[in-house]
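Asks: As a plain string of letters, each chain reads:
There are 2 protein chains.
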Amino acid sequence: MQNANSLYEPEGVALIGSSKIHEKVGMTSPEMFESVIHNMTKFFRGETWILDVEGKKGYKTLEELPSTPDLVVIMLPPRLSLEQVENCARNRVKVALMLTGGYKTGQRRRLLQLKKEYGIRILGPNTIMGVINTANGLNTTFERDVMPPKGHISIISQSGGVGACLLDWTCHYRIGVAKFAFMGDKVDIDDVDLLRYLAEDASTRVICLYLEGIEKGREFIETARKIVKTKPILALKGGATKEAARRARSHTASIAGSDTIFDAAFKKAGIVRVGDMEELLDAAVALAKQPPLQGDNIAVVSNVGGPAILAADAIVRNGLKLAIISGKTRREIEQRYPGVEAINPIDLIADARAERYSYVLDKVLSDPNVDGALVINMLKSCYFKPEDAPAIAETVEKHPTKPVVDVPAGGEDFALVYDALRDTNIPLYNLPEKAARALKALQTYHATLQKVK
Amino acid sequence: MQNANSLYEPEGVALIGSSKIHEKVGMTSPEMFESVIHNMTKFFRGETWILDVEGKKGYKTLEELPSTPDLVVIMLPPRLSLEQVENCARNRVKVALMLTGGYKTGQRRRLLQLKKEYGIRILGPNTIMGVINTANGLNTTFERDVMPPKGHISIISQSGGVGACLLDWTCHYRIGVAKFAFMGDKVDIDDVDLLRYLAEDASTRVICLYLEGIEKGREFIETARKIVKTKPILALKGGATKEAARRARSHTASIAGSDTIFDAAFKKAGIVRVGDMEELLDAAVALAKQPPLQGDNIAVVSNVGGPAILAADAIVRNGLKLAIISGKTRREIEQRYPGVEAINPIDLIADARAERYSYVLDKVLSDPNVDGALVINMLKSCYFKPEDAPAIAETVEKHPTKPVVDVPAGGEDFALVYDALRDTNIPLYNLPEKAARALKALQTYHATLQKVK
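First to last, the sequence lines map onto chains A and B. Numbering-wise, my numbering comes out as the position in the first sequence, counting from 1, plus 4. Numbering-wise, my numbering comes out as the position in the second sequence, counting from 1, plus 4.
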């Protein structure tokens, strides 16, 4: 998108705020300004200048800066922000990122005029948190010290709150992120622009969207349909019900169409639609780490019985099948481990450790009747230990065309095995139902690839 | 149930195992024996005797004990276990709790004979973990130092693995538990017996079941239908799909009927059916802490826009409605907080703290148009702090007939607010969709109460 690479890869950034102004109702405050300065100073590896329009921090005007920044971050009440954007536009700043909200229709129109007149690109207003690029440390959020780890998932959120929640989730679970963007009111830079940027971005492997409305429907569908040939796109739609859609209109000034239309649009675009934020990131992790699921025959390999039965239920409910393990595979497993009955779901029995998991999983993934696997390895009531977990990741790597997801079911057990495996290519889920849904997303993406080829 | 109070409230317990025997495939091992001894010694406030049948720990035979225990916990391979149960039965032990599995049909039949002949009650075999009673510290699990906090939720699991997962979850999230039972093969003590016990148990307010099959269908329904007049029962059914049901048959030797039959049975019994383990505990916490939902009009009170729209979607999808806030309530809120538009979902704006939450929530819960509320209080992108959270709990207590659920959406944010509120009466969820489902469970239980009255 023209000029807009500077949104994620600026050389110099000016932070334009005020150490004095505190809006009565609204986001502008000296604390917010301080926090954005804190994060940019701490994380960003380019130039950062501070521009304090009514106060004494750093510079007073854009003209005083040693050189013109390509990105400005504006966090002021609407009237003052507009003055700043106009001045930045005249000075050939490439992108204005507007964090604060409360803009009236006329003010939003004025911003669009400035873009048309001067070519300045605008993200927002009302983006709340702006952008994050884990590659160069760009972080315009006002949540001090909040930075997700580097990775391959990029997230575009129309809502500050949903974006903040997704950011919080990626930090808490150490999910690797490439780029974040909070879109806000979308007067200029929108989903289509950001999708085009992420399509070219080498570090982005999976794109997650939170949307309340889409303006340029046809362009959005065409752009997405091209991108999904190489990178899966996942979408969560807010305002899916009539009642919530009414509210979404006033929330981000977007025209939310009927949900059926969105469903059709997502299908046409090859976008995988999800039901909530957890499912969005669960599916994203699976798509970032594992290959698409080419068939529908899933093997369940577990050291406990009940959760394996719940997994089997979830597999069937998601339109997948329980693989029929071939006679050869079955004989090999049962001869080696008397007591284990290698009928799917395969119960390895509670005393299974790394060796048994590796052997059985290797045999199962070599079986032509099996397209993918759901592994359950609980600690409680079993002999499995977190140090047994890496053997599973090693076995999975030997079968690069068959996806595997892993379920150390529970709370503490999940946390312990998650710590041992989160930096490997194994996606981890705390319940079998979530793992089955992730496998379904891997299958849906495979079907998409066949369709858009 | 006759004799069987001793299952949860024994005066003396004998732990019968071996410090030498290690089954090749199976659970019996000196480590397991040691771990159960460790837990009982650490937690149980009655008498505990150790009976080491092939080794040198404690006593050698039941007859050597200073007095006859009312409960014995047996953790030996099938043949040896049978000998022990027979001897216990002759010695008038009241209950035998059998942890280990691997029993053949004939062996299970023999256990039943012993019960009929001597009146000994049997839980198991194959219960894996046995029972927990947080009131007297009885804990026959072999997970060292694992003990959930005291509370009002009781759990009965037919599967050791599912039970272990639920136990792990209650410990990790510090969810208050009254009693745990792992049923296993159910040769004698079954769901009906345990339900009857829990019906009389003063500390149990909510009962959670994990089932793969039910033998005494009519008795189960009749018993449950009586209990739900005072205590809600929640059920998760494993083997709900045909494919998984086939496996469940071999897993716990239970005859799993068609899922439609179970659905009808649960409805007739007034049992709330749930879809997974997380939903089971989410609903249980709501029912243990909040009153039933008497209408279907829900107010959403939030400091972020997008998650409130997702909450509105989830409310409508769960068959509930977005309450129409009355004109009076709306005027009171909007006059006090210019900028806040008190249309449901109510966006308190990102700078809302304890005072604004309390005032608005109090007005909303006083509104006759509102039957319950879903509160969202994020930290990230907002000014809300964990120390603002107790004010929400205080406000909710003023309106004891209207249920409220709270969503500090995300990972870190959830953990921080959870720490501040988990010991109050506010149920907490990390996503709006989970909170909406919990409200639905509160409404379903209200409908049940009307029906079984």
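Bear in mind the hints are in silico, worked out from the structure with no lab data behind them. It is possible that part of the hints are untrue.
Which copy is meant is left open, so a pair is good if it fits within one copy or across any two.
Pairs of lysine-lysine residues, derived as DSSO-like cross-links and limited to a Cα-Cα distance of at most 27 Å, are as follows [stated by the list, open to error]:
| id | residue 1 | residue 2 |
| --- | --- | --- |
| 1 | LYS389 | LYS28 |
| 2 | LYS120 | LYS402 |
| 3 | LYS271 | LYS332 |
| 4 | LYS389 | LYS46 |
| 5 | LYS28 | LYS332 |
| 6 | LYS246 | LYS325 |
| 7 | LYS24 | LYS389 |
| 8 | LYS332 | LYS246 |
| 9 | LYS28 | LYS272 |
Asks: Taking the earlier hints as the rules, which of them does this structure contradict?
Replies: The structure breaks hints 2, 3, 9; every other hint is satisfied.
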